[in-house]
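There are 2 protein chains.
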Amino acid sequence: MKKTIIINGLFVTGDAAAPVIEGCMVMEGNQLTYIGKDAPQPLETYDEVIRGDRKLYMPGLVNTHGHAAMTLLRGYGDDLALQVWLEEKMWPMEGKFTAQDVRYGTLLAILEMIKGGTTTFVDMYDHMNEVAQAVSDSGMRARLTRGVIGLCPADVQEAKLREAIAFAKDWNGAANGRITTMMAPHAPYTCPPDYIERFVQAAHDLDLPIHTHMSETLKEVEANAEQYGARPVEHLEKLGVFTRPTLVAHGVHLTDEEIAVLAKYNVGVSHNPGSNLKLASGVARVPELLKAGINVSLGTDGAASNNNLDMFEEMRLAALIHKGVTGDPTAVPAAAALSMGTSMGARSIWLDDIGTLQPGMKADFIALDIDQPHFLPRTDYVSHIVYSASAHDVVDVCVDGSWIVSGRECLTLDEEKIKREFESCFARLTNS
Amino acid sequence: MKKTIIINGLFVTGDAAAPVIEGCMVMEGNQLTYIGKDAPQPLETYDEVIRGDRKLYMPGLVNTHGHAAMTLLRGYGDDLALQVWLEEKMWPMEGKFTAQDVRYGTLLAILEMIKGGTTTFVDMYDHMNEVAQAVSDSGMRARLTRGVIGLCPADVQEAKLREAIAFAKDWNGAANGRITTMMAPHAPYTCPPDYIERFVQAAHDLDLPIHTHMSETLKEVEANAEQYGARPVEHLEKLGVFTRPTLVAHGVHLTDEEIAVLAKYNVGVSHNPGSNLKLASGVARVPELLKAGINVSLGTDGAASNNNLDMFEEMRLAALIHKGVTGDPTAVPAAAALSMGTSMGARSIWLDDIGTLQPGMKADFIALDIDQPHFLPRTDYVSHIVYSASAHDVVDVCVDGSWIVSGRECLTLDEEKIKREFESCFARLTNS
Numbered sequence: 013m014k015k016t017i018i019i020n021g022l023f024v025t026g027d028a029a030a031p032v033i034e035g036c037m038v039m040e041g042n043q044l045t046y047i048g049k050d051a052p053q054p055l056e057t058y059d060e061v062i063r064g065d066r067k068l069y070m071p072g073l074v075n076t077h078g079h080a081a082m083t084l085l086r087g088y089g090d091d092l093a094l095q096v097w098l099e100e101k102m103w104p105m106e107g108k109f110t111a112q113d114v115r116y117g118t119l120l121a122i123l124e125m126i127k128g129g130t131t132t133f134v135d136m137y138d139h140m141n142e143v144a145q146a147v148s149d150s151g152m153r154a155r156l157t158r159g160v161i162g163l164c165p166a167d168v169q170e171a172k173l174r175e176a177i178a179f180a181k182d183w184n185g186a187a188n189g190r191i192t193t194m195m196a197p198h199a200p201y202t203c204p205p206d207y208i209e210r211f212v213q214a215a216h217d218l219d220l221p222i223h224t225h226m227s228e229t230l231k232e233v234e235a236n237a238e239q240y241g242a243r244p245v246e247h248l249e250k251l252g253v254f255t256r257p258t259l260v261a262h263g264v265h266l267t268d269e270e271i272a273v274l275a276k277y278n279v280g281v282s283h284n285p286g287s288n289l290k291l292a293s294g295v296a297r298v299p300e301l302l303k304a305g306i307n308v309s310l311g312t313d314g315a316a317s318n319n320n321l322d323m324f325e326e327m328r329l330a331a332l333i334h335k336g337v338t339g340d341p342t343a344v345p346a347a348a349a350l351s352m353g354t355s356m357g358a359r360s361i362w363l364d365d366i367g368t369l370q371p372g373m374k375a376d377f378i379a380l381d382i383d384q385p386h387f388l389p390r391t392d393y394v395s396h397i398v399y400s401a402s403a404h405d406v407v408d409v410c411v412d413g414s415w416i417v418s419g420r421e422c423l424t425l426d427e428e429k430i431k432r433e434f435e436s437c438f439a440r441l442t443n444s
Numbered sequence: 013m014k015k016t017i018i019i020n021g022l023f024v025t026g027d028a029a030a031p032v033i034e035g036c037m038v039m040e041g042n043q044l045t046y047i048g049k050d051a052p053q054p055l056e057t058y059d060e061v062i063r064g065d066r067k068l069y070m071p072g073l074v075n076t077h078g079h080a081a082m083t084l085l086r087g088y089g090d091d092l093a094l095q096v097w098l099e100e101k102m103w104p105m106e107g108k109f110t111a112q113d114v115r116y117g118t119l120l121a122i123l124e125m126i127k128g129g130t131t132t133f134v135d136m137y138d139h140m141n142e143v144a145q146a147v148s149d150s151g152m153r154a155r156l157t158r159g160v161i162g163l164c165p166a167d168v169q170e171a172k173l174r175e176a177i178a179f180a181k182d183w184n185g186a187a188n189g190r191i192t193t194m195m196a197p198h199a200p201y202t203c204p205p206d207y208i209e210r211f212v213q214a215a216h217d218l219d220l221p222i223h224t225h226m227s228e229t230l231k232e233v234e235a236n237a238e239q240y241g242a243r244p245v246e247h248l249e250k251l252g253v254f255t256r257p258t259l260v261a262h263g264v265h266l267t268d269e270e271i272a273v274l275a276k277y278n279v280g281v282s283h284n285p286g287s288n289l290k291l292a293s294g295v296a297r298v299p300e301l302l303k304a305g306i307n308v309s310l311g312t313d314g315a316a317s318n319n320n321l322d323m324f325e326e327m328r329l330a331a332l333i334h335k336g337v338t339g340d341p342t343a344v345p346a347a348a349a350l351s352m353g354t355s356m357g358a359r360s361i362w363l364d365d366i367g368t369l370q371p372g373m374k375a376d377f378i379a380l381d382i383d384q385p386h387f388l389p390r391t392d393y394v395s396h397i398v399y400s401a402s403a404h405d406v407v408d409v410c411v412d413g414s415w416i417v418s419g420r421e422c423l424t425l426d427e428e429k430i431k432r433e434f435e436s437c438f439a440r441l442t443n444s
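Taken in sequence, the protein lines are chains A and B.
When we follow the numbering used here, the leftmost residue of the first sequence carries the number 13, and every step to the right adds one.
When we follow the numbering used here, the leftmost residue of the second sequence carries the number 13, and every step to the right adds one.
In short, the hints are calculated from the structure, not lab data.
Certain hints may be false.
For chains that are exact copies, the list does not tell them apart, and a pair is met inside one copy or across any two.
Okay, derived cross-link-like pairs now, DMTMM-like style, lysine to aspartate or glutamate, Cα gap no bigger than 20 angstroms in a straight line [to be verified]: (1) Lys181 - Glu249; (2) Lys431 - Glu421; (3) Lys14 - Asp167; (4) Lys250 - Asp182; (5) Lys101 - Glu246; (6) Lys15 - Glu270; (7) Lys101 - Asp340; (8) Lys429 - Asp383; (9) Lys431 - Asp381; (10) Lys231 - Glu270; (11) Lys231 - Asp340; (12) Lys250 - Glu270; (13) Lys431 - Asp383; (14) Lys429 - Asp381; (15) Lys431 - Glu270; (16) Lys14 - Asp59; (17) Lys172 - Asp27; (18) Lys250 - Glu269; (19) Lys429 - Asp65; (20) Lys15 - Glu421; (21) Lys431 - Asp65; (22) Lys101 - Glu435; (23) Lys172 - Glu34; (24) Lys14 - Asp268.
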């Protein structure tokens, strides 16, 4: 098994006992086996010795909610009212998406994500075989799920559910375990209750978790209460969703009681600050969620509502907006935001062996170029990561023990070809 | 006079009549003389022909409020309550700053700013001769002012005012007009009324504008009302401040009546969204300010409260937070945020010949590398600049007709030396 040592590095570990280490890290195969001040063995015993001077190594970022192929709709109708944006811009275009479009939309998103330090992402979309194949080819890690909208005739519902089940079965554990799956009824407002119950049953049968949108907008919460006599949390609880490990996306509009229910069932919340602001959905109650002990992670959502896939920005937004809105400058400190983007992100999608740099963890990590003005002075590197860094500072990326980005170049994908094919897809979509 | 033409470029002009032009731009000396689809003259008649393929050219960004040397305090005590941060972290360190510290703190800030596309900045600080010299050396443009705190004995007040006047006189119009000056009583809560009146008189005598902090925190507004029987806007109005062209920084806590007063006197507001969020000061009423016809520009504030000097981020925050907080997805559209970062920024510091790409304007512009995933598809470039771009996308920077950054390298300053000296300053400050 190949043994690699990084020497002279600065490591922001995510381990509260030793958050910053200057020294060495060893990986054997796809696992980290050592991190500490001195090399555990003479350097000549390693297959590879990497000098980490002027680089900061940290866990890869975990993007826990998104729709990667929506890169095809980046900048395609911004600053519009939500219904106009959805009905006149997003849905007509998405209705035309072919497998080829999803393939290249996803590949472009993956390029942007890995070059920007995201090593794991959640994707909920259609044509998921294409997404999984792209993940497999790229070397990234992903928790994937066919997101199903159930506002359709029974036979179409049935076909979609079968497709979601087949995808979840086929790909769970694929690509050396880099790909895992979930079941995903799209949202309480897009799936009838009995259809959601069938997803819960399928998740039980396959022993898989559930991912769904929940309480993103006030309007949707009020409509849920009117239609079903219960706000979304109670509604999903009644339907048995939380009997499965569950990750909800957004969770913007929550009462104290709802937060308590989510905490009781250990439901994770993917906070999407950029998307929630851009679509004017509101500001999630993140300080309260964290105080309740809920796993709060971060997601970019699709590129049409963000509009980039820079997880450093989501960490920064998470650290900034809750201070500004609550009036408390100690709300969501830098360390909490970093944890939301890494270890809590990993735990919220049930990947317990990524998200920190510690012996025994999978080798999913990134290196930033800190020989730049915005990383000086050498004060608090956790603060610098959250308040000053960006996706563009990432130079090297390792996932599952393999380098997939080196010196800012993606080693696994043909960037030029992907950009070209992506532009062809977009041209066809807009001209058809 | 040297004639340069850029061909095959994509130009986001800031001119509402022709916001995006694919074609050519000509500069002669320090002025833009043409922008349009076709080259006005045969290419062999130009001294320099630059191919702009895969680059987006736009006006340089204008940062209208900051304290550049505070880069020395980046990450030095984050996530603290405001008074603890000021009294235990900022003030004791700033009290030790020498001219040398301000020189290298400012030079590091200038490096970060120009490499990130900011071509003009406002600085309000101490040891301003050092700041002006750094601006002169760097090739940047700046509106500079000695920020004076007046909570001191009369003889110290007198000395500070004289110093502020001497600086404003000595440097106004220097460096081929790249440097202009202002008078700056620090804030209503740090300057006694009669001392502010002396600054107003000096500004009249020198025919210079006034810059001051105003209504950044609720506490300061309430204290002003209690101490002087008037909120800050009325207080400054009574002291005659607005009889001079005025730019106020922050303006977070404003009533409708105060907004009307600012509009009446054509007072500009430098909106600092990153700093206001991080210090938990609140969210300024930017949609209302814009509706009132006020020039709203953008500032990073000092790096200790931001923590980077990326003006793309300030544009993005300005476009995002007001949507999220007001619930209106059409609040502060991308074009407005871009204007705040460029043309409104220029107008708010009375530099009417920068901020757009149009014939007759000074040649202050930047080029972004748009051959990257996050600039695809080629939909709306104004949207891409505001919602997706960052400082790191900037490759070339031209100020006053001279290239000061080319291929991401600063041509005017010795980056390695500045980083080294900056680190020495920081080490001395923390060990003394």
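Now for the hints, and whether the structure bears them out:
1. Lys181 - Glu249: Close neither inside one copy (25 angstroms) nor across copies (70 angstroms); limit 20 angstroms.
2. Lys431 - Glu421: Within one copy only: 14 angstroms inside a chain, 26 angstroms across chains, cut-off 20 angstroms.
3. Lys14 - Asp167: Neither. Shortest intra-copy (51 angstroms) and inter-copy (72 angstroms) distances fail the 20 angstroms Cα cut-off.
4. Lys250 - Asp182: For Lys250 and Asp182, neither the intra-copy (30 angstroms) nor the inter-copy (74 angstroms) Cα distance is at most 20 angstroms.
5. Lys101 - Glu246: neither (32 angstroms within a copy, 47 angstroms between copies)
6. Lys15 - Glu270: Cα proximity of Lys15 and Glu270: none, with 48 angstroms in one copy and 66 angstroms across.
7. Lys101 - Asp340: between (38 angstroms within a copy, 18 angstroms between copies)
8. Lys429 - Asp383: between (31 angstroms within a copy, 13 angstroms between copies)
9. Lys431 - Asp381: Result: close only across copies, 14 angstroms inter versus 25 angstroms intra.
10. Lys231 - Glu270: Answer is within: at 17 angstroms inside a copy they meet the 20 angstroms cutoff, but 34 angstroms across does not.
11. Lys231 - Asp340: between (28 angstroms within a copy, 13 angstroms between copies)
12. Lys250 - Glu270: within (13 angstroms within a copy, 51 angstroms between copies)
13. Lys431 - Asp383: Answer is between; shortest inter-copy Cα gap is 9 angstroms, intra-copy 30 angstroms.
14. Lys429 - Asp381: Intra 27 angstroms, inter 18 angstroms, cutoff 20 angstroms: inter-copy only.
15. Lys431 - Glu270: neither (44 angstroms within a copy, 50 angstroms between copies)
16. Lys14 - Asp59: within (6 angstroms within a copy, 56 angstroms between copies)
17. Lys172 - Asp27: Neither way: Lys172 and Asp27 sit 42 angstroms apart in one copy and 49 angstroms across, limit 20 angstroms.
18. Lys250 - Glu269: within (15 angstroms within a copy, 51 angstroms between copies)
19. Lys429 - Asp65: Classified as between: cross-chain Cα gap 18 angstroms, same-chain 33 angstroms, threshold 20 angstroms.
20. Lys15 - Glu421: Neither. Shortest intra-copy (23 angstroms) and inter-copy (37 angstroms) distances fail the 20 angstroms Cα cut-off.
21. Lys431 - Asp65: Intra 33 angstroms, inter 16 angstroms, cutoff 20 angstroms: inter-copy only.
22. Lys101 - Glu435: This pair counts as within: shortest intra-copy Cα distance 18 angstroms, inter-copy 51 angstroms.
23. Lys172 - Glu34: neither (51 angstroms within a copy, 45 angstroms between copies)
24. Lys14 - Asp268: So Lys14 and Asp268 fail the 20 angstroms test inside a copy (51 angstroms) and across (67 angstroms) alike.
Going down the numbered hints, you'll see the structure goes against 1, 3, 4, 5, 6, 15, 17, 20, 23, 24, while the others check out.
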